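Undergrad: The listed protein sequences derive, respectively, from chains D and U. Just so we're aligned, residue 1 is where the first sequence starts under full-length UniProt numbering, counting upward by one. Just so we're aligned, residue 1 is where the second sequence starts under full-length UniProt numbering, counting upward by one.
If you are wondering where the hints come from, they were derived from the structure by calculation, not from laboratory data. Just so we're clear, the structure is a prediction, and the values are computed from it rather than from any experiment. It cannot be assumed that every hint is accurate.
Which copy is meant is left open, because identical chains are indistinguishable; a pair holds if it fits in one copy or across any two.
[What the hints assert, rightly or not] Under the rule of at most 27 angstroms between Cα atoms (straight-line distance), these lysine-lysine pairs were calculated in the DSS-like manner:
#: 1; residue 1: K174; residue 2: K28
#: 2; residue 1: K36; residue 2: K61
#: 3; residue 1: K103; residue 2: K36
#: 4; residue 1: K28; residue 2: K64
#: 5; residue 1: K179; residue 2: K28
#: 6; residue 1: K64; residue 2: K143
#: 7; residue 1: K64; residue 2: K177
#: 8; residue 1: K29; residue 2: K61
#: 9; residue 1: K103; residue 2: K136
#: 10; residue 1: K103; residue 2: K174
#: 11; residue 1: K112; residue 2: K134
#: 12; residue 1: K103; residue 2: K143
#: 13; residue 1: K64; residue 2: K134
2 protein chains.
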Amino acid sequence: MNAMTAENLRSAFGGESQAHMRYRVWAKKAEEEGFKNVATLFRAISYAEEVHASNHFEALKDEKGDFLVASGSGFGLGTTSENLQAAADGEMFEVEQMYPAYKAVAEMQGEKLAARFMHYALEAEKTHAELYLKAKDSVDEGKDFNIDSVHVCEICGYTTIDEAPDVCPVCGAKIEKFKAFSE
Amino acid sequence: MNAMTAENLRSAFGGESQAHMRYRVWAKKAEEEGFKNVATLFRAISYAEEVHASNHFEALKDEKGDFLVASGSGFGLGTTSENLQAAADGEMFEVEQMYPAYKAVAEMQGEKLAARFMHYALEAEKTHAELYLKAKDSVDEGKDFNIDSVHVCEICGYTTIDEAPDVCPVCGAKIEKFKAFSE
Ligand SMILES: [Fe+2]
Ligand SMILES: [Fe+2]
Ligand SMILES: [Fe+2]
Ligand SMILES: [Fe+2]
Ligand SMILES: [Fe+2]
Ligand SMILES: [Fe+2]
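Let's have the full structure, built from the sequences with the hints guiding it.
TA: Next up, the structure:
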């Protein structure tokens, strides 16, 4: 594999693994504050980040060994409103800066699997940013996020509320490939 | 918080988050190869790394913002025997190099909570390295790891097989604080 694509995959793996973990911590905080559906949203999106991290790890399966990995990551344990804003900001950075750059490099280098996984993450993060901002609007009005369930595509991490689509709009997976999260 | 302790906590958070994720991928591989108890061991230790990552994140709770995090991380998807060896090597690096250094810095800087969490991880990683090497011995003889269950302390990540201790030898938590994993 080309060195720059491998380095980008490692960086993205590190960033996704840390987002996965951060969202699990923030889910507990949301639960403590009584926002059970926000907690469900954090847990579902944490799973979507696991899908991304696992995809990147798989694309790197033959690049064996120990590496120093540099990844952007957010820190801090604020109120749930603050945590939702920080989460949305992180997702938007991935949508506007990180994944378009990593996808362009993978395409330029002819790394098809890496390009596909960068594309999946780029599209999925858009749904994450939007859901976090909607949830923040509810929390800022003192209300829990008004949803029944969250559905995550196991193939690409696309995330939606209340009902899974028949076919994933990002990767084309069928409805059976969606994992449901509820309280 | 002192800058060097904060940087070490962020690096350790990144490393633990990536170990958590890597062990989940390797658990699936062990399952595919028919080593169900090795898969259970990987999943249990993955949870222990979540305990470490969450502790480090909590110690950093007031250090808010976005950071570039540099962490050591292993890559590659080999046979289960190879994955167990790579896992043990990573744990031994943490035991011999990373956590003693981070713990010494935290103690020198008077950062008590960070020093305690570095100590917890240092001691827990010893149990991880030992269990991975035992599991590898079984796998190299073509047999699954001969255990009933794995028990992880939710406070410090100390990990043991078959029975949880009455009191955690690392952090003093009672048996109720142990989480059990089995097939
Ligand atoms: Fe992601
Ligand atoms: Fe995301
Ligand atoms: Fe999908
Ligand atoms: Fe650890
Ligand atoms: Fe460990
Ligand atoms: Fe303990």
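Undergrad: All the hints need checking, so say for each whether the structure fits it.
TA: Structure-based check of all given hints:
1. K174 - K28: Answer is between; shortest inter-copy Cα gap is 22 angstroms, intra-copy 31 angstroms.
2. K36 - K61: For K36 and K61, only the inter-copy Cα distance (22 angstroms) is at most 27 angstroms; the intra-copy one is 37 angstroms.
3. K103 - K36: neither (35 angstroms within a copy, 36 angstroms between copies)
4. K28 - K64: Result: close only across copies, 18 angstroms inter versus 35 angstroms intra.
5. K179 - K28: both (20 angstroms within a copy, 17 angstroms between copies)
6. K64 - K143: between (48 angstroms within a copy, 25 angstroms between copies)
7. K64 - K177: neither (29 angstroms within a copy, 36 angstroms between copies)
8. K29 - K61: between (35 angstroms within a copy, 12 angstroms between copies)
9. K103 - K136: Neither. Shortest intra-copy (29 angstroms) and inter-copy (38 angstroms) distances fail the 27 angstroms Cα cut-off.
10. K103 - K174: Close inside one copy (24 angstroms), not across copies (49 angstroms); limit 27 angstroms.
11. K112 - K134: Neither: 34 angstroms inside a chain and 39 angstroms across chains, both beyond 27 angstroms.
12. K103 - K143: neither (38 angstroms within a copy, 42 angstroms between copies)
13. K64 - K134: Between. Shortest inter-copy distance 23 angstroms satisfies the 27 angstroms Cα cut-off; intra-copy 41 angstroms does not.
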